[in-house]
Structure formats: structure tokens, C-alpha cells
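Asks: The task is to assemble the complex, starting from two chains supplied on their own in separate frames and drawing on the hints.
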Amino acid sequence: MGQKYREVVSGCAFLLLGAIMFAASFSIPKGAEMGVGAGFMPRLMSILLVLGGLAVAAQGWPSGVTRLEAGGRSGNYRAVILSIAYLGAFVVLLPKFGFVITAAAYIFLQTILFCPRGNRDYRRIGIVAAVAAVAIYLVFAKGFKLLLPAGILG
Amino acid sequence: MISAGFALVLNLECLGLIGAGVFIGIVFGALPGLTATMGVALCLPLTFPLAPIQGISLLLGLYIGGISGGLISAILLKIPGTPSSIATTFDGGPMADKGEAGKALSIGLFYSFLGTLFSIAALVFIAPWLARFTLRFGPYQYFAIGVFSLTMVGSLVSGSVVKGLVGCVLGLCLAQVGAAPVSGALRYTFGFHELDNGFELLPVLVGLFAVSEILKAAEDGIPETGGVAGKHKISPTGVTLPEFLNQGWNFTRSALIGIGIGILPGIGGGTANLIAYAVARNQSKYPEKFGSGVIDGLIASETSNNASIGGALIPLMTLGIPGDTVTAILLGGLMLHGISTGPMLFKTNGPLVYGIFAATIVATIVMYAMEYLGMRLFIRVLSIKRQYLLPVIMILCCVGTYGANNRVFDVFAALLLGVIGFLLLKSGFSLSPFILGFILEPVIETNLIRGMMFSKGSVIPFLANPISAVFLAMSLLSVVLSFRNELRKKRFSTTI
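These protein sequence lines map, in sequence, to chains V and W.
Count the first sequence with our numbering and you get residues 1 to 154, in order.
Count the second sequence with our numbering and you get residues 1 to 496, in order.
Among the hints, a few may not be true.
Now the stretches of chain V that chain W is said to cover, found in silico as 3 or more residues with beta-carbon under 8 Å [as the list claims (entries may be wrong)]:
1) 49-58
2) 83-92
3) 95-108
4) 111-124
5) 128-135
Take a look, some chain V residues computed to stay more than 10 Å from chain W by CB distance [said to hold, decoys possible]:
6) Lys142
7) Leu148
8) Ala150
Cross-link-like lysine to any residue pairs, in silico, SDA-like; alpha carbons within 25 Å at most [stated by the list, open to error]:
9) W/Lys490 with V/Trp61
10) W/Lys216 with V/Lys145
11) V/Lys145 with W/Leu50
12) W/Lys216 with V/Ala79
13) V/Lys145 with W/His337
14) W/Lys426 with V/Lys145
15) W/Lys426 with V/Leu17
Hints are computed from structural coordinates only; laboratory data are not their basis.
Each residue gets a CB set at the ideal place from its N, CA and C atoms; glycine is no exception.
For reference, chain W alone in the conformation it holds in the complex (with noise of 0.2 Å):
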């Protein structure tokens, strides 16, 4: 069945579509400001005149390069292109600062492009299986999945376990800001019809990526040297082989965690690098060298976003549910072409579904190819120095919040989160669990609504589902746990 997918893909206008969705999407990843659901909804309209296979691959490629592209801002700039490459800043641009950018960049790449590889093999062979035991997860589990994942990167990503938290519950805080899920009640609007709707999330990451960077420069002042100038040696893997060897624990636990969360709805690459990047910091030997520019940061984040591109399509292809923002916009381009994702589409589009494999697999290899050719095209892009950079970029960034809904006040909004980034970033929070919790809080404030609607007011059944159960242990634990590292670490630097 696969060769008969590869059959459908094979040949000059799907190449061509693929090569083309690739280079746009890689384009819009990299760019801070215009993501990669921004991409596929642009170039969805064009997908209309073609056949089924040609729209879809255009979209696909589209779709991976946008997650990929992120890397080369988020380690030349370290500004995340995309919500999936924020936690390649913490490494990645430690890394280029230290003047390897071009190891930094090629590593990023190299694990990209086997962390897609992993999921869509997982996406072959696992789909239908994973697919039927995520299909039993209700609200109690998402909430826990929820309330997991924040814990996790609010206890171990920003150094400091009560600032993380705080961090947490800024962005929890910020989220409900708007119509309330389920019930549709305003809450702190004060009377601005602008905010209803809520804050989107592109004004918010552009906010405190992007205009805080801003201020941060415009505090520092922008040496004349800025900027990512200098000779970079671009390699294919960007490891030698005792590294690759090393990272093999890394990268498998990686892959699996961005399958895992990229399955989950609603919960997909923006998630999923900073969880991985926080059980890599957990599970290292060497923890405090984590922000410093160490490769296994950096493995974490690319590995796992690209990962839960795989993950993504699981749900999406076996059960007709978008695991993120850009599957829901791949599901209504199927749509469109009158194909019902689900169940029976492994019955009634059998050739299709594996052309969309065999999409997915060329797309990654073009991926490949096309920003290890081009590395040095874009490092000279982004060599550009900083003082002329950085305004250019603020535009670009503003461009992508204003398209997005054609509203003047999501560009305001996102000034002022830049401004609130910026304190934060002075005051020595970290801004991923602000956003992580920014993400999370429709998934955790639904399900909890939900569960407590199903258990009438009860919160026994959270705690009685082993399922759930185990994941608000493990919350519970990875909070204590980073606290008395915390409280440990305290007291050897006083006795010292």
C-alpha cells in the first residue's frame, strides 16, 4: 500500500507543490510573527483547482517546513519563529552567542528532520492502536494531562519553582480573559467589546518574544558587531558520532514525548519542546549548564516539536480529530475535497491515506535538503546587523498579529504584553510557563467544567482515575521534588 502511495505522490506537480509548500512554510516559520497556521490558512484558497493529493501535499509541506523553520530565528535571534521553537531559544541561541551558530543550526536541523521521521513511523504503524486508546480519555484525563504539563515546566524550566508557578498562573490568569468555555459568560472585559473573543495567541507570543527582545536591546544597546555575522560551518548532522550515540536517550524520549502530546487535541508543538525540554533538564546529569548553550536543549525542543507533526496527523487520520491549529486547517482542506477523515478513511481512500504518508515522508526529506542548502542563505538574511534587523522584524511580527484578524487592537495587546515580558524578564521570570499556561488553560478550565459536570460537583473521580490519577501524582511530585532541589541548592551556596 505504501509503494501505491508514493505511486501518487511521485511525480513533477506534486514534487513541485510539496517543494513549493516546503520553502513558503520554512519562510513563514522563520519569520517571528507569521507561523506556520498562518501558512496553510494562506494557501489553502489555492489547494481549491487542484486534485485531492496535490492539495493535500502542498499543505503538508507547507506544514512541516512552517514547524522547522522556527529553529533559524529562534537560534540566530532567539526569537522563536513559531510557538513550537521556544524552548529552542534557551540552547540554541546560548550556542550561537558562543559562536556556534552554524553547529547549532545544523544539529537543529538534523533532529528535526529525525524527529518527523520517528512520528511518521509511529503515524504508519501505531496510528489505528494509539488512536483507539487516547479515544478513551475523557475530561478527568485531559485535566490531569493539563495540569501535568504545567507543573512540569512551571517546576523545572525557569530555575526558580515559585516563579514558575507565578508564571503559570499569569498566563492561566491572562486566558480567561473573554467569553468563558462552555457557558460563553464574559469575564474581565470591562466593557471592551475587543476583548470578547479573548486574546489570540499570535499577539501574545509575539508580545513576549518578540517586542520584549525589542526593549531588552533597546535597554542593552546593540554592540556593532551585533547581529550573527561570521563564519558558519553547516554540517549535515551537526554531531559527531559519540554525541549522536549520547543522544540516543535524549532523542527517543524526545520523539515520544511529541508524539504523545501531538495526539492529545489541542495540545500540540508549542507544548510539546517545552515539556521535553524540561524532563531533558530533569533527567540530566549536568542540569545547571541547561540555558547555557548545551546541544541536549536544544536536541529536546527540535526533536519534539517536529515529532508532534506525526502525532498530529494520528488523531486527524484515524478519528477525523485535529490534534493542533494547523490539522484543523488540513482537515477542512480535506473537506473541501469531499474526503471525511476517521475511522472508515483507511477503507474508502486506502491509496489516499498512503499518499498522504508518502506526502509527509518526501516532505521531510525536501524539508531537509532545502534548509541545509539554504542554511547559509538564511544565516546571511539574519546576519543582517541587529540595529536594522530588529525594527524590520517588529513590522513583519505586527503584519502576521494585524492579518490574522485584521484588527489594529491584537498589535496593541501584543505592545502590551511585550511591555509586561519585558518586566517580567527584569524581575527573573521566565516567560514558557506564562505561555504554557496562556495554552493550556482552555484545555484544563473545559475538562475541569466538563468532569465536574459528569461527576455533579465531585472532584473524587479526578483523583480515582488511575489514569488521571497518576498524572496529578506525578504534578504533585514534580513540583516537590523541584522544591527541595531548590531549598538543597540554597543551602550549599550559603555554605559555601
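Here chain V stands alone, though its shape is the one from the complex (with noise of 0.2 Å):
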């Protein structure tokens, strides 16, 4: 996709987003302050946003709807969607599984993702994902107390 396409596609978007907030604004209860209410500051921002989109959109429209530009290779794509799919679930998994094995998982699973195919020794990145996430526990809860889920390790 040129990047003068991505300008008119984003524009677009901000101008949804800026329409959605605009009418989202007005369910905002007034609050108890003088003058402008809590719903001003809001609605003066998606204002602009919606503008803001107008003027992103046209920078891009002369060459965008007409000339898609060439350049630029196609990245990979598959490796993003994974990359956020594997945050995600580690996000989900958090709280059940505990932070020792999940974190394990995912920087096995990402770790993966970033190494060529020909170039992935396993036993290795998973020594390296087991070593990280539990030294990682042993800092931050142990060290410094901090609160982290411990799931089903207990």
C-alpha cells in the first residue's frame, strides 16, 4: 500500500474516530464546575480531529485515489498479526497460567518468530525462555516485592 493511500485510509479514520467522539461527547454529564463543562474539552478535540482527518485524507487524495505509489516492499505481514496474537494471549493467560510460564511461552513463541527458519534451535531458545522469565520472577517478586501473578505455581 503507498504511503499516499495509508494518508487518505488513516484520514478517513480520524474522521470517524473524530465523528464517534463528537457523539460520544454529548453523553458526558456536564459536572459541577462553572463555565465550560467536562464535555468542552472533548468536543473541541474531536472537532479538530475530524479536521485533522480532512486535511491527513487530502494531503494524500490528488495521487492517492488515482496513482498508487510504488515502492517500498511488502513486509510480513503474518509475523505481525502472530506477534500481536502471542501478546495477546500472553495478556489473557497472565492471570491464569502465572507470569513464570506464561512469559516462558511467549518469548519461546516470539523468539521463534524472529529467527529465520534454517536458523532456529529450539533447545536453546527454550533454555533462554525458561532462564529469562523465571530469573525475571526471582528479581521483581522476590527482590523487589513486586505483585506478580503467580498462577498455577502457586
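Replies: In C-alpha cells:
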């Protein structure tokens, strides 16, 4: 996707977001203060966001729709989506399985994703993931007394 | 009096505590996701059994180590260790890419050291006068300063004025989630109680700069030779004598910006480094080179963020008002030891005040020595292949994000904001205006509401007050001039 086309898409997204925020700002209670209410700044910012979205879209419009920019190689979006999924799974599973297990699993999977296919030393990555997760847990949970979820390891 | 202060600090206990504080501070500052604020907060209970000067020495060591430690990961990983080192990534990162990581680290360290010393001199000599002057600032002036800071960074840093200003607005919008300032009315929470207090700064920072870096690395792939391995020549200053002389004005201006912003309550090093960078770029003879690895940007950022330390201590010591989050915890530490800061502190606790000044100077020297001697070790740790390092750093970020409030929601927020940050980067937006908008929203909105209450709904006093009028005029001017420069560049590029 060319940069100009992205500007049109992001501009439209800001426009839509601004419109939703503007509509939602009317449900904000005015609050107790005098003069401007709690909805004043959100309303002002949503208007600015709509205007900004229009300006960004306009920047990309002339060449964006008629001529997509060539250039720029396409990235590995599969890896991006998998990275988001791994982090999402880490967040969801953290309270249930605890820090050590979820952190070790995340480090293992993310490192495998970063390593090229022919160069994946699973045993080494597994050891790094386990040692790193345990070391971080010991330093912060035991050393600095941070309350990290212990999960099923209790 | 200053010699009495040094007499309080120059003993084994205090020196040991300063050394320990600086070391822990550097570690917290260097690791993305862990901040100086968190380091000081976690170590605050350790000061309970200590004498006041000993406890404060430990906390000051943490503060100074934490702020300067952020430059290490900002340069080597392009992930700012603290909000104070966001602008350090702009030119420090490209310098490391060009094989000049050693030079970048040396320069960053040297100017962190000089910036802190400069601000301590300001703290000792001009603190009372400066504090009295800023005491006159009311909502009109704070509102104008907030708008000025935002427009400066929005219009100068990103390369596109429209995108920079939209980035600022996005940051302002994000900060509006949760309880409104003054009235406490809930906004954009959509029934989720986790959003009642809004988004914390740490998840936003981790999301925008660490998660997005992970996603960028996933998209682009990491070359096998990745990381920062290689030989790095570390020198005490990083600059030659002609370079040092050339950077004299850049250093002085950035230090003054750091001190000035540090003094203002609620605005600290996180804002100072971005403003100093924007001003350095605007006043440079070669602004187009900023972002490609010029030392000017690195010097502006590292000088100003460390200069904000002395600046933030000025209102704390003279008025009892903390200049940023770390000094707010320092204030708590002083109060725990039965010391009330404010104008009377100099009369009632004179030796302790000068002891604090002496501890700040000693901590700065220890920070410089420790980072200089330990730089090879830091480089070695961060030279581990990025394939292995980035996931571990991500987990450290999650620990910091979770540990601040013990909420999984904050880690989820960091992930969500990371995806947003990644998409913004892909669309050619800079993340600095976004984060600055987020940081400054409470300052701008609170003072706008208070100002409107004072003026009974009129905006005239915002424009009639000389100080706020000057700042608002400069805001408008910076936007107009940046638009003009951008149009000129576009015309020039279409004609060739």
C-alpha cells in the first residue's frame, strides 16, 4: 500500500473517530464546575480531529486514488499478526497460568518468530526463555516485592 | 554553607547509598518499561530506617541514575528507557545504525553530566528568585505554556505539520478517557471501570515505543547480524574540541529549556527533551539532517532532560511544589522524615538543604563515572542478538506496566496502543506529538477550566495577560512558519 493511499485511509479513520467522539461527548455529564463543562475539551478535540482527518486525507488524495505509489517492499504481515496474537495470549493467560509459564511461552514463541526458518535452535531458545522468565520473576517478585501473578505454580 | 553540605554527604554510608541508588537508577532507566519514578517509588520504603540525608541521598542517586540511564536503550535499541529519552532515539538510534554507537553513548553521557551540573548550579544560585517568578504563574500562563509546548513539537518534530498536529490531538483525545479534571465526570469509559482513572503514562509509553518496535521488527525481520554487536570506542566526552565549541549554544539553550520546563509543575524531562530537540532542529543550519544521526539532536535531548532534574528540584525545595512525578515521591520521602519543604526550609534546615545540593552533585559525578566505566557492560548486555533480546525486553516492559498498578488491563492497554502506534508509524506519523499531547492534556485542560472559571467564561484574559499572550503568539507563529517552510519545500521539490 503506497504512503499516499495510507494517508487517505488514516485521514478517513480520524474523521470517523472524531465524529464518533463528537457524538459520544454529548453523553458526558457537565459536572459541577462553572463555565465550560467536562464535555468542552472532548468536543473541541473531536472537531479538531475531524478537521485534521480531512487535512490528512486531502494530502494523499490527488495521487492517492488515481495513482498508487510504487516503491517500498511489502512487509511480513503474517509475523505482525502472530506477534499481536502472542502478546494478546500472554495478556489473557497471565492471570490463570501465572507469570513464569506465560512469560516463558511468549519469549519462546516470539523468538522463534524472529529467527529465520533454517536457523532456529529450539533447545537453546527454550533454555533462554525459561531462564529469562524465572530470573525476571525472582528479581521483581522476590527482590522488589512486585506482586506478579503466580498462577498455577502458586 | 555548601561545605557543611558536603560534610554531611562525604562519608561511607552516604557515598555507598548514592552509589547503590545511581546503579539501581541506571538499571531502571536503561530497561524500557521500568522508569526512574518506579525505581524511586520501590526504594522509598528502604529509606524509613535511614537518617534524612541518607534516605534523600539514596533517592537522589536513583533519580539521577534513572533519568540518564534511559539514553542507553534509546541509542542501542531505539526504545526510550524513560519518557525523558524519547528524543534521544531520533538521532542516537541512527548513529548506532551507522556504527557510531560508542560515540553516541559517550556524547549522551557527557552532556547528561554537563546538563545535570548546569541545572544544579541554577538550583544553588538562582533557585529562590526563579521560584518566586514562576509563583506568579496562574492558569492563563500554564495553559499557554502547554499549548506552546504542544505546537512546537507538533509542528517541528514530525516533518509534516498536519500530521504532527493531528498526532497532538490524538494524544489529547486519549488523555481525556476517564475522570475529567476538576469535575471528575467520567468520559469515554463506555461502562468499563478499568477506564475510570484513564490510561496511565507507562502503558502508553510501552505501547507506543516498545510494542510498536516489536511489531516493526516482526514486519521487517531482524538480520542475523542485528543487535549492536561490534567494537564501540567509548571516550570521556565523545566530541572533539571544535565540536564541543560548536555545540556551546545548543548545549546552553537546551539546558535552559530543561531547567525552565523542570521548574513548571507537572511538566518534566518527558516534555523538555522533545521541546529542546524541536528548537535545536528549528534553529539548525541543516534541519533536514535531523533524524539521520546528527550530534546536535542527541546533545539537545540529553542536556535538556538532565537539566530538568535541577529544574524540578527548584520548586520542590523553595516552594514545596514537586516539578514532576519523581520529585513528588521525593517530597513524600522528605515528609516521611518530618521535613517540610518550602520557603522556610532554607531557614529551619539550612545544612540539610546544602546537604541535598551536595548529594545531587556527588550523585551526578558517580553517575558519570559508573556509566562511563560500565558502558562496555551495558553495550555487551544490549549486544545480545535482537531476536533474543526483544522478547525479553517486551516481558520486562510488561512487568513494569503490570507492576505499577497490579492490573492486567494496563498490559492490554499497552498492546492496544502498540498496534495503534505501529499503524501510525506505517502511515508516516511521528509518535512524539502523540505522547506529548497525552502528557500535557491534564495541564492544558485543568488550566483552561480554572482560567475560564476565574474569568467567568471569557477567553480575553488568556490573550490579555502578557506572559500567556507571548506564548500563544509564539504557538501560532511556530505553526504558521512551519506550514510556510513545508509549502516552500514542496514547491522546491516539484520544480526540480
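Asks: Evaluate each hint against the coordinates.
Replies: Status of the hints after comparison with the structure:
no., hint, in the structure
1, 49-58, "holds (count 5)"
2, 83-92, "holds (count 6)"
3, 95-108, "holds (count 5)"
4, 111-124, "holds (count 6)"
5, 128-135, "holds (count 4)"
6, Lys142, "holds (13 Å)"
7, Leu148, "violated (7 Å)"
8, Ala150, "holds (13 Å)"
9, W/Lys490 with V/Trp61, "holds (16 Å)"
10, W/Lys216 with V/Lys145, "violated (33 Å)"
11, V/Lys145 with W/Leu50, "holds (20 Å)"
12, W/Lys216 with V/Ala79, "holds (10 Å)"
13, V/Lys145 with W/His337, "holds (23 Å)"
14, W/Lys426 with V/Lys145, "violated (39 Å)"
15, W/Lys426 with V/Leu17, "holds (18 Å)"
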